[in-house]
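Chain order of the listed sequences is A and B.
The opening position of the first sequence corresponds to residue 0 in numbering that gives the first Met the number 0, with each subsequent residue numbered one higher.
The opening position of the second sequence corresponds to residue 0 in numbering that gives the first Met the number 0, with each subsequent residue numbered one higher.
Because identical chains cannot be distinguished in the list, a pair is counted as satisfied if it fits within a single copy or across any two copies.
The calculated DSSO-like cross-link candidates involving lysine-lysine, where the alpha carbons are at most 30 Å apart (straight line), are:
# : residue 1 : residue 2
1 : K137      : K289
2 : K158      : K228
3 : K256      : K219
4 : K316      : K133
5 : K158      : K289
6 : K289      : K58
7 : K256      : K228
8 : K256      : K158
The hints are simulated quantities; they were obtained by calculation from the structure and are not laboratory data.
Protein chains: 2
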Amino acid sequence: MRVAVLGYGTIGRGVCEIIMNPVTSYTNRMSISHIWIRKGKEKILPEMCDDFNIILEDKTVDVVVEVLGGLEPAHTMIIEALKAGKHVVTANKKVTAMYLQEFLDVAKENNVQFLFEATTGGGIPWIRSVEKVKRIDKISDFHGIFNGTTNYILDRMYKDGSEFDDVLKQAQKLGYAEHDPSADIDGVDVANKLQITTSLAYDCIAPADFPVFGIRTITKTDIDYFREKDQVVKLTAEAKVQGEFLSCCVEPVVFSKDSMEASVPDNFNLGSVTGTTIGELKFYGQGAGKLPTGNAIVQDIIDIMEGEEETAFDFSKDVKFCYNKVIKNYVLRTTATEEDIRSVFGSHVKTAEVFHGNVYYTIEEVSTLTLHEGVKELQKMDELLFVARLNQG
Amino acid sequence: MRVAVLGYGTIGRGVCEIIMNPVTSYTNRMSISHIWIRKGKEKILPEMCDDFNIILEDKTVDVVVEVLGGLEPAHTMIIEALKAGKHVVTANKKVTAMYLQEFLDVAKENNVQFLFEATTGGGIPWIRSVEKVKRIDKISDFHGIFNGTTNYILDRMYKDGSEFDDVLKQAQKLGYAEHDPSADIDGVDVANKLQITTSLAYDCIAPADFPVFGIRTITKTDIDYFREKDQVVKLTAEAKVQGEFLSCCVEPVVFSKDSMEASVPDNFNLGSVTGTTIGELKFYGQGAGKLPTGNAIVQDIIDIMEGEEETAFDFSKDVKFCYNKVIKNYVLRTTATEEDIRSVFGSHVKTAEVFHGNVYYTIEEVSTLTLHEGVKELQKMDELLFVARLNQG
Chain A
0 MRVAVLGYGT IGRGVCEIIM NPVTSYTNRM SISHIWIRKG KEKILPEMCD DFNIILEDKT
60 VDVVVEVLGG LEPAHTMIIE ALKAGKHVVT ANKKVTAMYL QEFLDVAKEN NVQFLFEATT
120 GGGIPWIRSV EKVKRIDKIS DFHGIFNGTT NYILDRMYKD GSEFDDVLKQ AQKLGYAEHD
180 PSADIDGVDV ANKLQITTSL AYDCIAPADF PVFGIRTITK TDIDYFREKD QVVKLTAEAK
240 VQGEFLSCCV EPVVFSKDSM EASVPDNFNL GSVTGTTIGE LKFYGQGAGK LPTGNAIVQD
300 IIDIMEGEEE TAFDFSKDVK FCYNKVIKNY VLRTTATEED IRSVFGSHVK TAEVFHGNVY
360 YTIEEVSTLT LHEGVKELQK MDELLFVARL NQG
Chain B
0 MRVAVLGYGT IGRGVCEIIM NPVTSYTNRM SISHIWIRKG KEKILPEMCD DFNIILEDKT
60 VDVVVEVLGG LEPAHTMIIE ALKAGKHVVT ANKKVTAMYL QEFLDVAKEN NVQFLFEATT
120 GGGIPWIRSV EKVKRIDKIS DFHGIFNGTT NYILDRMYKD GSEFDDVLKQ AQKLGYAEHD
180 PSADIDGVDV ANKLQITTSL AYDCIAPADF PVFGIRTITK TDIDYFREKD QVVKLTAEAK
240 VQGEFLSCCV EPVVFSKDSM EASVPDNFNL GSVTGTTIGE LKFYGQGAGK LPTGNAIVQD
300 IIDIMEGEEE TAFDFSKDVK FCYNKVIKNY VLRTTATEED IRSVFGSHVK TAEVFHGNVY
360 YTIEEVSTLT LHEGVKELQK MDELLFVARL NQG
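Go ahead and model the full structure; you've got the sequences and the hints to work with.
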């Protein structure tokens, strides 16, 4: 199995390290034939080239691994590779969320595979596990912690009693957070992963516009407020079937301290999926990093090599996405006046509690839609407000 | 895919329920053709028979599911089914631990498969996941909570502050524990599962005689003693590579309250496996029960149906099992005199602490072998002693 890797960042290096140092009969049968790098970058390995045509025209290349990140040139290169009859494996959640259907269609036309295990949950076999659950069961819901950066930040804030900005700087220093951390802390990265898993779990092309609230505004005081109640906040993605409707969202969620979710440390991920007969399954592991994510990519290459049965992706179902069917309880910390809050949430506002000079309101039995629209209204008065859902098991 | 089920207990009913009520294109292609029950039992379904030859001679039967439990007639029937050219899928850990090599050999000779996902971790895709990790990595260790009954007992003791005997009775009433609970509470059931996973993870036939200590003697006071230190006890199986040696054991382990293991509720299981590049993966789910275990069996049947690449089991490695290489710390509660304890454990005895009239000793930097041999000595003086390993991450 001859592999060409597009990009030589963290994950690209991981893929090369695993394939160049094989310890099993599977990885022994692979080799790196090309590493594509951008023009002007130094070619530090003999496999490196900056001309993609060399890879497209090399008939001995079986698989192209795309680990460039971002939309372009990733999108164009994936399409060209598929059209050239190469299987494509990617870790790029952004381009996969945006173009999943196109990639799968072009792959099918050219009788090759497009695999994307590494897009969600890093080294965790999440995508394959969801596919496996679907062989027997209907999935009633899935949820999880799918962003290592924000889990690291929330875990350090909880364990060290630090402020958000200090931990973010520390995370950037350690390479856990990007220079511009927006995609992570605003929930955009998680939203891409949620979109991918939703498409897969429910046989549809999931929309990109579901409600998202990140952790940019969380404070040490918020963490302490929940700590006093034996609760821990985690940034969570969720998809839930309610009758004939499907609801998805990305929100900070407050878990009981003794839950599995609350125990997820550092930059680890935890994905949960519930099926009719299997009940709840949870999958835990490194959500990012050179070798774990590289491992997920190499697992996809092995599936191709072993001719494993291709998943028959079917995105034709007319799933009704609806955000006012799932009813939950929330905690809102804001400096907006109680009058303003009541004008937005009406009788859903149940209790108000003062903690270290902040006021925390419970907003009860409210739909995802009402909550997120109300929050947007209140952000006009208090852009630093924070809201989190109470986990109801 | 025509399936014959041997046995119609909890799991047999689960398999039939899933196959007879298909909701996917996979289960739609299966049917139950025979259910074998013991002579004299009432035939409540048209598929039932008590003559195994009918199944062996029915050329339309593709897969035989063995869910009888115990060694015989399970062993004989599995061998006969394989020799008759039927694939065999089992949930029976006892017979699989004892005869794994024979089953795989006979399956190979007859060009059929012997699959056993349901033997370990109930509905959790544990066996397949360990196999998958091995496609790329060496496994440095695996461990986990693989017995739902004891986890239920320990969880209720912790959460309700109940005594062992009361919770055991409650578990028996709920059907979580057998009338004779020895196999569960003495760690024998976990030991079978450890033996199966060890054979698989390390390409060898694992011996059955590794050190085992169960939870029969744990008391409410023990639970409270650890609770005061923010610790939770779980019955755990472990296999660990130390240089060229492999060490396995079943022991109660004391985890920090904020660990994933401590959070495992009710009769759930949690398996962890660590590989070179993937790092640590954890798999959580229902470790027993009609539908989850039935689901694991049906997953095996789908793998056969889909012609998934058969795992090339290789038990030929000369693995050196050795129990005096892994050094750990333990807590021992006993009424034996300090002189007796010191005569057994010497300078490994570090501290003694009195809690509610019991004395708890720490036995530090001691090998598995020394610990278990010492415990056996002390049991002659105090058969109700309790020992647990301190988890060191």
